Amino acid sequence: MPEIKLENVSKLIDQKPIVDNVSLEIPDKSLFCILGPPRSGKSMVMRLIAGLEIPDKGRILFDGEDVTSLGPVERKVAVAFQDFALYPHLTAFDNIASPLKLMKLPKDEIRRRVMDVARYLKIDHRLTHYPSELSGGEKQRVAIARALVKDAEVILLDEPLVRLDYKIREDMRAELYKIQREVGKNVILITSDPLDAMSLGERIAIMNEGKVLQLGTMEDLYETPANILVGRYFGVVEMNIFDGEVVKTNDMISIKTKIFETSFKNTGNLPEGKVKIGLRPEHMSIVELSGKKEINFKGKIVLTEVVGSDTIVHIDAGLKELLRVSVPAIYRRQIGEGIEVGFNAESLYIFSSEDEKLLARGGDLIG
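Counting in this note's numbering, the sequence shown runs from 1 upward without gaps.
Derived from the structure by calculation, the hints contain no laboratory data. Remember, it's a predicted structure, so these values are computed and weren't measured experimentally. Just to be clear, a hint being listed does not mean it is correct.
[What the hints assert, rightly or not] Restricting the straight-line Cα-Cα distance to at most 25 Å, the calculated cross-link-like pairs of lysine-lysine (BS3-like) are:
{"#": "1", "residue 1": "Lys320", "residue 2": "Lys265"}
{"#": "2", "residue 1": "Lys258", "residue 2": "Lys211"}
{"#": "3", "residue 1": "Lys57", "residue 2": "Lys211"}
[Said to hold, decoys possible] So the derived label-pair ranges between C-beta atoms look like this:
{"#": "4", "residue 1": "Glu305", "residue 2": "Glu65", "range": "44 to 52 Å"}
{"#": "5", "residue 1": "Thr128", "residue 2": "Glu321", "range": "50 to 58 Å"}
{"#": "6", "residue 1": "Leu12", "residue 2": "Leu70", "range": "56 to 64 Å"}
{"#": "7", "residue 1": "Thr224", "residue 2": "Val287", "range": "56 to 64 Å"}
{"#": "8", "residue 1": "Ile13", "residue 2": "Glu346", "range": "58 to 66 Å"}
{"#": "9", "residue 1": "Glu109", "residue 2": "Glu346", "range": "57 to 65 Å"}
{"#": "10", "residue 1": "Pro38", "residue 2": "Leu90", "range": "26 to 34 Å"}
Ideal Cβ placement from N, Cα and C applies to all residues, glycine included.
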């Protein structure tokens, strides 16, 4: 299976950069995720890797060989598209078999390959059915089977879970992880859902406006986001961001905000002035449930939102935006009721108010 490299790749449409000077290294036999909001350029990167589009600038290498001008067949790639792209007039069997028929393989070989992959994906009992007779999860399995049956070296999955309901998505995440481990191929997953990337990606590239904002492991991106956009986007619940100020006095450095103030030993690494403070909802807790923390503040409940087995509590603490606190339980309170929230200083993220890049984490300042 090939190691894939993109070197300074750009793609323009109507003179606008859809992919802007992107460089990536995708290790051999890995499950690699490209994550980003709609129109971030991630699907175009997939099409460039697949050979469905040719870059206007840069090179694409498979195991050191320049494949920039080669098509999908020469690159030995297979793509499962977001909309499944199943032929409505063909049965599941014939949909899966379609690329093999184009290769003009013998009928016995086609049947063997289709049955093998269908059994593997547990859809062999649905092969005589048409797409209109299949559930969303079954359609997705047929689309993945069609990609696997070609014996391609690289499998590209474009938003494979976006059309599935919550429970099926969970099951399919586990299924995709298992598939990649067992078939030992390069699997590149394109997704706008951070949970997909957090659950599946060995390495993850976050894109926005055609650029790669950060590349790393799930732990890298979660614990040390490069900037506010990555911090907000990459997490179970969006990171809280609000105004703060860094003030230095003698050997101490203070972080001041409208709702709290805390101090650290001055290591000289953090400049004075206006900053943006980040706090992940899951790093905050309700005092009545978990007791006081190093830093505590009060507010009023605006909304409680049950998400699965968790509750997201939206709190008015007098800031420009509501704060979100993630409670790992079903938590019900009256709207307008007072509430006290706590967190530890190590949970703080300090970002520049100018370029929004990460300056420091509370844990770094504690030392």
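* Hint says 44 to 52 Å; check whether the CB-CB distance for glutamate 305 and glutamate 65 agrees. => holds (50 Å)
* **Satisfaction of hint between lysine 211 and lysine 57, Cα-Cα up to 25 Å** => Holds, because 14 Å separates the two Cα atoms, which is no more than 25 Å.
* To do: For leucine 12 and leucine 70, compare the CB-CB distance with the range 56 to 64 Å and indicate the outcome.
  => Given range 56 to 64 Å: violated, Cβ gap about 20 Å.
* To do: Assess, step by step, whether the Cα of lysine 320 is no farther than 25 Å from the Cα of lysine 265, and give holds or violated.
  => Violated, at roughly 29 Å.
* Taking 58 to 66 Å as the hint, is the beta-carbon distance of isoleucine 13 and glutamate 346 inside that range? -> Given range 58 to 66 Å: violated, Cβ gap about 45 Å.
* Asked: Does the alpha-carbon distance linking lysine 258 and lysine 211 stay inside the 25 Å limit?
  -> Judged against 25 Å, a Cα distance of about 34 Å means the pair is violated.
* Asked: Cβ-Cβ distance between threonine 224 and valine 287: within 56 to 64 Å?
  -> Given about 28 Å between the Cβ atoms, the range is violated.
* Asked: Cβ-Cβ distance between glutamate 109 and glutamate 346: within 57 to 65 Å?
  -> Cβ of glutamate 109 to Cβ of glutamate 346: about 59 Å, so the range 57 to 65 Å holds.
* Do the Cβ positions of proline 38 and leucine 90 conform to the proposed distance bound of 26 to 34 Å? -> Since the Cβ atoms of proline 38 and leucine 90 sit about 30 Å apart, the hinted range of 26 to 34 Å holds.
* Asked: Can the suggested window of 50 to 58 Å be confirmed for the beta-carbon pair threonine 128 and glutamate 321?
  -> holds (54 Å)
The earlier numbered hints that this structure contradicts are 1, 2, 6, 7 and 8.
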